[in-house]
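Participant: Letter by letter, the chains look like this.
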Amino acid sequence: MSSSNSTNVGIVIVSHSIKIAEGAADMVRQMVGNAVPLGWTGGDVAGGLGTNVAGILAAIDAAWSPAGVAILVDLGGAETNSEMAVEMLPDDRRARVVVCNAPVVEGAVIAATEASGGSSLSAVKRSAEELYA
Amino acid sequence: MRFDRAAKERLVQALAAPMLAHADELTSLDQAIGDGDHGLNMKRGFEAVLAMLPGLADKSAPEMFKAIGMTLVMKVGGASGPLVGTFFMEFGKSLPDTPSRGDLVAAADKAIVAVKARGRSDAGQKTLLDVLVPVHEVFAAGGDGAAIAAAAAEAAERTIPMLAIRGRASFLGERSIGHMDPGSRSTSLLIVAAVKALEFEAGS
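Residue numbers (numbering that gives the first Met the number 0), protein chains in the order written: chain B, 0 to 132; chain E, 0 to 203.
In isolation and in its complexed conformation, chain B is listed as follows:
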């Protein structure tokens, strides 16, 4: 689910489809290699289309960086479940995780590219969200 020792901002991809999550993660890796910690998750607890809080928490853990983690989501439930997961994080981590208002694939690639240059969490979020601006 992740592989990087980087201290750059981590990226988490949350899609209803594990294939989209994994495919977007492949595209991120193609752009930035192992320069950013990366986690992804997709599907409900039964393996169907959907999202689940436990999977999102695991992906955040996999992409954890002291610089924080930016989450990219697809449809509404992914966002709601991601926000729920963020609230369930320990206090010291909660403030360092953001959900970006950006398209999941393009947002993940742009956010990761920004993160790979050592940008702050807020700069990473801003770059991803410019796609909807």
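Certain hints may be false.
[Claimed, not checked] Partial list, computed: chain E residues near chain B (C-beta under 10 Å): (1) D36; (2) M73; (3) V75; (4) L82.
[To be verified] Footprint (simulated), chain E over chain B, 3 or more residues, beta carbon under 8 Å: (5) 21-35; (6) 45-59.
Simulated from the structure, these hints should not be mistaken for lab results. Please read all numbers here as calculations on a predicted model, not as lab measurements. All residues carry an ideal CB built from backbone N, CA and C; glycine is no exception.
Given chain B, put chain E in place with the hints provided.
Facilitator: Below, chain E alone, put in the same frame as chain B:
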């Protein structure tokens, strides 16, 4: 209303029963204007809650509701998991160990505020809040179980002509009109089951 161990167990079973029995109906409502997973998701969540009995009923009221909420958050998925789960979790957090009716009203109020925040929504957008908000008014005004149950069923019916503003149904725009909101239906079923199990009398 007595909220002893037997009442807690009865309540949990009563909440789960319609989610198991109406899974197909909820799914077909969701197929009309959503992604078609609501029935299965709620069934899975409440099966997981049922599996926590009998231990679940040994907990204090606040702990029991928090545990139900957490299980629903983790098992239901979709947008309903965090929304319905948040209701139960916040409801539990706000309750004393032996709640009076007034405590239940106050806790439900806080839980509804939390659901609004979680969904960044309010009544009038064709969501479960269109049941929670009007039913809570009847509950807070001292309505008995029959009045609360009637309000819940009517509130779900009133979502049929509504335009969806939040959730997957909002993608359909005006085509969301003419279908009952699945989340409102499941919420009304849960409320009807709860008031029946707890035998609410009129009061304040």
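Participant: Could you run down the list of hints and mark each one as holding or not?
Facilitator: Outcome of the hint check:
1. For the restraint placing E/D36 at the interface with chain B, the shortest Cβ-Cβ distance is roughly 6 Å, inside the 10 Å limit, so the hint holds.
2. Because the smallest distance between the Cβ of E/M73 and any Cβ of chain B comes to about 6 Å, under 10 Å, the interface hint for this residue holds.
3. Look at E/V75: its Cβ gets to within about 9 Å of chain B, closer than 10 Å, so that hint holds up.
4. Checking E/L82 against chain B by beta carbon gives a least distance of about 7 Å; that is within 10 Å, so the hint holds.
5. Interface restraint, the region 21-35 of chain B with chain E: violated (0 residues with C-beta to C-beta distance below 8 Å; minimum three).
6. Only when three residues or more bring their CB closer than 8 Å to a CB of chain E does the claim for the region 45-59 of chain B stand; here the count is 8, and the claim holds.
Of the numbered hints listed earlier, the single one contradicted by the structure is hint 5.
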